[in-house]
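K.L.:
Based on the provided sequences and hints, a complete structural model is requested.
Protein chains: 2
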Amino acid sequence: MTAETFRTIWQKPDDPSVVQIIDQRVLPHEYRVHDLHTWQDADTAIADMYVRGAPLIGATAAWGLYLAALADPTSAGVRAAGNALLQSRPTAVNLRWAVERIFRLVDASGDDLVERIRRDAQAICDEDVEISRGIGEHGVELLAEISRRKSGETVNVLTHCNAGSLATINYGTATAPVYFAQHRGIDVHVWVDETRPRNQGSQLTAWELARSEVPHTLIVDNAGGHLMQHGLVDIVITGTDRTTRCGDVANKIGTYLKALAARDNDIPFYIALPSTTIDWNTRDGVKEIPIEERDPEEVSHIYGMVDGKTARVRTTEEATPISNFAFDVTPARLVTGLITERGICEASEEGLLELFPEMRDA
Amino acid sequence: MTAETFRTIWQKPDDPSVVQIIDQRVLPHEYRVHDLHTWQDADTAIADMYVRGAPLIGATAAWGLYLAALADPTSAGVRAAGNALLQSRPTAVNLRWAVERIFRLVDASGDDLVERIRRDAQAICDEDVEISRGIGEHGVELLAEISRRKSGETVNVLTHCNAGSLATINYGTATAPVYFAQHRGIDVHVWVDETRPRNQGSQLTAWELARSEVPHTLIVDNAGGHLMQHGLVDIVITGTDRTTRCGDVANKIGTYLKALAARDNDIPFYIALPSTTIDWNTRDGVKEIPIEERDPEEVSHIYGMVDGKTARVRTTEEATPISNFAFDVTPARLVTGLITERGICEASEEGLLELFPEMRDA
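Residue numbers (our numbering), protein chains in the order written: chain A, 1 to 362; chain B, 1 to 362.
Simulated from the structure, these hints should not be mistaken for lab results.
Glycine included, each C-beta is placed from N, C-alpha and C at the ideal position.
Hints may be right or wrong, so weigh each one.
Claimed, not checked - Here are a few chain A residues that sit away from chain B, every Cβ distance over 12 Å (derived from the structure):
(1) SER75
(2) LEU86
(3) GLN87
(4) ASP221
(5) PRO296
(6) ARG314
(7) LEU353
(8) ALA362
Claimed, not checked - Pulled a few chain A residues facing chain B out of the computed Cβ check, cut under 7 Å:
(9) GLN182
(10) ILE186
(11) ARG196
(12) ILE219
(13) ILE302
(14) THR320
P.N.:
Dropping the structure here:
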């Protein structure tokens, strides 16, 4: 399987009335393709986290509305399904965006509603792949430059969490420059942070890099500083959930610690992001971005294999009090640059506005 | 159970021919007191990590030689046992120190070898408690000062790994100031880093703080930076495996990342250490201290409870390449101070030599 062919959602080749996804809940222990026959199946897939990652959630909702139209090709039928889908993960911005985009299609005149929705769901996917491709094409230049400086020796990238293909439709965001480097024949290796508590690094990023045959090594989240002190990391690239107008970056908890270590060791620290995740209305990320606290069981329990079967294991004493903040904010001063689909810029209001001048007065 | 009464090794109250330890392998899921009847039992306890932590390993070896003398109260018998014990964990400095101390006793004249060794094993334990007490008495002043500044509001301490009672005989090193604060009635709360990959935080530190009724909250290693950014940490205190003459500190992997976050947020970062762990012959910790790489299965597998039974679970794909560095080095420039049994000093050669002037020409 190469990065080119590995998408996370698609129509079943021999049956276009079925949409297929990878059941990410059971990765990496099982590769299970899951069929969506109805919009209710899509609803479950989003709510129960068969799929995760903002772009993929949006795409799954759009394909869900295609399935809804197949069953009931009326404006009312699609709208009812869409309103229900919006409840599956109420805080997912891309979910709302995708549903509203399909709603506009329903309102427009024209025949064959099913085919129009199918084409738009496909377009949502293709556009997301184009965004990842843009990030990859700009980001790969950073890796190419390091490779030249090292006379072709291995370029060591460190990443945190999964901002990979599995979070998008293809290529991912933080991983896109890596996949593009591999295609160019650049010798690249990825240090994969385990990413406690949900282990997206060890269970998703390591899985997808293996599928695409990108050399990688799993490390605990504690290890990055040591590796950087000893010259074993050339660049850090992570994704982000939200970037402020001034370049502060909210991402998976622990990203800030890696940014500090990168700065202390003069290692470039980049954030890869689709411009849709820039929040032009916030400035100070630490002060303004609310940080979600999640279920303590994400910390106390872990999913794995025992005797050839999957099991959920409690690793702590039952009574242990636990706090589980899901994200942290890396201040712009620690970010070397932002890799967007339009290019790379400084993590600052001026830097962002040079790439997105249309937001100057927004 | 209070901190006062909770020791990690003792003679069985109603049978002085038996030495008892806590089987730390099954914590926190089970509290199992394990009987040592023979020096071979002590050997197994050390080799199979029923006990860990340098001071406790040394004490277990000394008590093992008491058991050896009970079985064969001759110089030859004790020496044979001691030489075997030295192989149980060849790199443990305190193990060699304790065995050699007992050997000197064997060589000296006097009667009742068994009672002489028993008294010395007890002395080794009592001396270690005195070291922890010294660290506690000096370190508690830092917490008292913060408490005063906060007008008695909760003092939030963050710690990494287990430098607690369970690693020593009582009080621990990093935890000693906390236990002493509790005794003084200072309102103290500990953020406990999970400490991947071996989870000494979630499985040992959380356990012992609970036993001593010290308020605490378990967090993933990724969370500390976020807590510090938001004023939720007043001081960081960790232990150390080795401190250089210039104040660089080797400790559990990930300590360096917490030191960086503390510095970035102007939070005091202290290391608690018995002076026996100062290596007066090294200066630059990053360059000179070799960092052990351990079994990748420590990362890929985790120990926990499934359906009321303990189980070892694999959390990664079987083929995932893993790197597992056990320690990192925190440069002295990031360390606010060193808490020793003699007092608190700056993390520098001058600071250390003021407390230990006898090492000036060493």
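K.L.:
If a hint holds in the structure, say so; if it doesn't, say that too.
P.N.:
Each hint tested on the structure:
Remark: the non-interface label on SER75/A is consistent with the geometry, its nearest Cβ contact in chain B lying 45 Å away (cut-off 12 Å). The non-interface label for LEU86/A is consistent with chain B: the shortest C-beta to C-beta separation is roughly 30 Å, beyond 12 Å. In this structure GLN87/A is separated from chain B by more than 12 Å, as the shortest Cβ-Cβ distance comes to about 29 Å. The non-interface label for ASP221/A is inconsistent with chain B: the shortest C-beta to C-beta separation is roughly 5 Å, within 12 Å.
Remark: the non-interface label on PRO296/A conflicts with the geometry, its nearest Cβ contact in chain B lying 8 Å away (cut-off 12 Å). Annotated as non-interface, ARG314/A brings its C-beta within 12 Å of a C-beta of chain B; the closest such distance is 5 Å. The Cβ of LEU353/A sits about 26 Å from the closest Cβ of chain B, beyond the 12 Å cut-off, so the non-interface label holds. For ALA362/A, the non-interface assignment is confirmed: its Cβ lies about 27 Å from the closest Cβ of chain B, beyond the 12 Å cut-off.
Hint status for GLN182/A: violated, given a least beta-carbon distance of 16 Å to chain B, over 7 Å. For the restraint placing ILE186/A at the interface with chain B, the shortest Cβ-Cβ distance is roughly 19 Å, beyond the 7 Å limit, so the hint is violated. Against a cut-off of 7 Å between C-beta atoms, the interface hint on ARG196/A holds, since the closest Cβ of chain B lies about 4 Å away. A hinted interface residue such as ILE219/A counts as satisfied when its beta carbon comes closer than 7 Å to some beta carbon of chain B; here the least separation is about 5 Å, so the hint holds.
The restraint placing ILE302/A at the interface with chain B holds, with a minimum CB-CB distance near 6 Å, inside the 7 Å limit. The criterion of a C-beta within 7 Å of any C-beta in chain B is met by THR320/A, whose closest approach is roughly 5 Å, and the hint holds.
When the structure is compared with the earlier hints, violations turn up for hints 4, 5, 6, 9, 10 and for no others.
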